[in-house]
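J.: Line order of the protein sequences matches chains A and B.
Residue numbers 1 to 291, in the working numbering, belong to the letters of the first sequence in order.
Residue numbers 1 to 265, in the working numbering, belong to the letters of the second sequence in order.
FYI, nobody ran anything at the bench for these hints, they're computed from the structure.
Among the hints, erroneous ones may be present.
[To be verified] In silico DSS-like pairs for lysine-lysine, Cα to Cα no more than 27 Å straight-line: (1) A:K169 / B:K220; (2) B:K189 / B:K256; (3) A:K169 / A:K123; (4) A:K169 / A:K153; (5) A:K123 / A:K153; (6) B:K256 / A:K123.
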Amino acid sequence: MAQAGEKNVRRAGEGRREDPALGQSSPRTGRAAAELAADLPVAPALEARDLTLSWDGEHVVVQGVSVDVAPGEVCCLVGRSGCGKTTILHALAGLTTPVSGRVLLHGEDVTGRPGRVSYMLQKDLLLPSRRIIDNVCLPLVLAGTRRDEARAKAAPLFERFGLAGCERKWPSELSGGMRQRAAFLRTYLMGADVTLLDEPFSALDALTRTDVRRWFVDVAAELGLSALVITHDVDEAVSMASRIYVLAGAPSAGEPSHVAGVVEVDRVESESFELTDEYLAAKRQVMALLG
Amino acid sequence: MARPVDRSEPSRARRVLTPLLTIVALLALWQAVVVVGIVPNFLLPTPVQVVQALVEDAALLASHCVTTLAEAAAGLAAGVALGFVFAVLMDRFESFYLAFEPLMTISQTIPTVAIAPLLVLWLGYGALPKVVLVIISTFFPITVSLASGFRSVDPDVIDLMRTMNASRWQIFWYAKLPAAADQFFSGLKISATYAIVGAVIAEWLGGNEGLGVYMTRVRKSFSYDRMFSAIIVISALSLGLMKLVELAQRACMPWKRAERNNNER
């Protein structure tokens with residue numbers, strides 16, 4: 001099975017193709033490019049092209065990272081703590097401007113322009129002074145929707161997001177898992193079709209994390225979300241993503257991070273995907289790339 | 001066998017009764033010390049004499065109270081408004097913060113009693129120097145508490161709001177202002193007590209009306225029982241203002257009750 005899995009691994013730099021539209025190279029392998037061409041008749045929802053990022057303008061943290069997220073696809077970016085995962089996500093969200101490289105959203109250059117993709121950070125960041133309904137409505141209200149209208153738009157979604165009955169509660173009255181669901185509903189209501197999630201389940205206990213993760217995968221599939229999730233948990237990545245970008249490097253030691261390889265996950269319809277050979281093969285490949 | 005230590009919270013009755021009984025015991029001790037003659041009565045009136053003076057001068061004290069309260073309230077309101085503006089400017093402009101933060105700290109090392117006579121000299125015996133002194137006394141705690149509250153906002157919240165295209169004003173209104181509310185009310189509580197004390201000190205050093213003026217008059221006539229009754233009134237006013245601030249805080253920050261309940265669970 002491991003051998004079967006090996007064919008789904010692409011090391012960084014293998015079979016890089018020239019992107020005629022951009023005049024830049026991308027990290028896709030020949031096989032992946034062919035698959036992508038077959039699977040994705042439309043352009044990727046989110047593309048990062050050769051991003052080089054720095055914390056202070058001097059020390060390069062991430063070098064030459066390229067990431068694609070196809071429409072309706074959940075991808076993961078895996079790497080050790082401190083390797084610059086959040087820095088990449090900040091750049092993709094437009095919160096920072098890369099030293100070089102570009103971020104494209106449906107082909108449009110959105111480099112350094114916040115507010116174009118939905119972003120869910122590590123902490124739920126619910127405003128303690130607002131009730132849950134007003135917290136989740138925040139993106140709508142900030143965009144100019146009247147509060148009543150925003151509430152009316154958000155209310156029907158509470159049940160789907162497992163938050164029925166929580167509308168009038170304060171954030172402090174909710175459990176960690178419920179707060180995370182509320183944060184995800186708020187992220188969804190940002191309205192962008194691409195969502196970035198920065199270790200969204202890391203603050204939860206193991207059992208809640210598994211439940212919320214499964215719930216997230218279902219909801220993302222149902223809503224057709226394109227998502228890029230960063231995590232340092234290999235199991236989490238394999239259980240959620242159809243494609244995993246493995247980040248390697250040690251910026252604090254002066255070695256900028258780069259994409260060491262991309263692992264395609266052969267997802268099989270199973271109640272317990274975590275126990276299948278496909279799951280284990282993908283996990284092995286990610287572990288090998290992490291080193 | 002060793003008994004486990006009971007670390008549970010004291011009951012409400014215990015929380016109220018313990019300090020109350022302590023006060024009653026101290027008053028009884030005070031009464032006894034004077035009655036027995038350990039301290040001569042012309043130097044220290046008994047608590048009973050103080051209460052009698054309080055009742056006898058109630059109407060006069062009330063009219064002086066109104067003056068002091070009006071000066072304190074006007075000064076506090078102006079001090080809060082000015083402090084708010086300063087805190088916002090310090091949050092918005094880094095250079096403004098750098099320019100004024102040390103100056104404000106230095107200004108607080110100048111004793112109020114040293115400024116009060118100057119204010120009376122410059123602004124006369126009316127209400128103005130009293131109000132100005134209250135503004136000077138209350139401005140600092142408000143500014144410092146608000147400025148530090150604005151800066152306490154989690155930078156991730158600001159990043160999150162930026163990804164929602166929030167304007168600077170929206171970030172201030174939805175994130176910074178509520179985050180500073182707790183510290184603002186702590187500063188307001190301190191300012192409320194400073195306001196009363198500031199007004200009384202200014203009246204003491206020159207004026208026609210107010211509790212400070214009343215205190216100067218009774219001191220000159222060696223009516224120490226009335227002096228003590230004025231002190232009680234000043235304490236009551238300060239406590240009353242603090243209670244009002246607490247009520248305002250409860251009304252303005254309803255989420256704190258939920259947080260408290262959650263912590264107690």
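J.: For every hint, state whether the structure bears it out.
T.: Verification of the hints:
The straight-line distance between the Cα atoms of K169 of chain A and K220 of chain B is roughly 60 Å, outside the 27 Å bound, and the hint therefore fails. Restraint check for K189 of chain B and K256 of chain B: satisfied, since their Cα atoms lie roughly 17 Å apart, inside the 27 Å limit. Between K169 of chain A and K123 of chain A, the direct Cα distance comes to roughly 19 Å. Compliance with the 27 Å bound is thereby established for this hinted pair. This hinted pair checks out: K169 of chain A and K153 of chain A have alpha carbons roughly 18 Å apart, not beyond 27 Å.
Of the supplied pair hints, the one linking K123 of chain A and K153 of chain A holds, its CA atoms being roughly 25 Å apart against a limit of 27 Å. Under the criterion of a C-alpha separation no larger than 27 Å, the hint pairing K256 of chain B with K123 of chain A is consistent with the structure, at around 20 Å.
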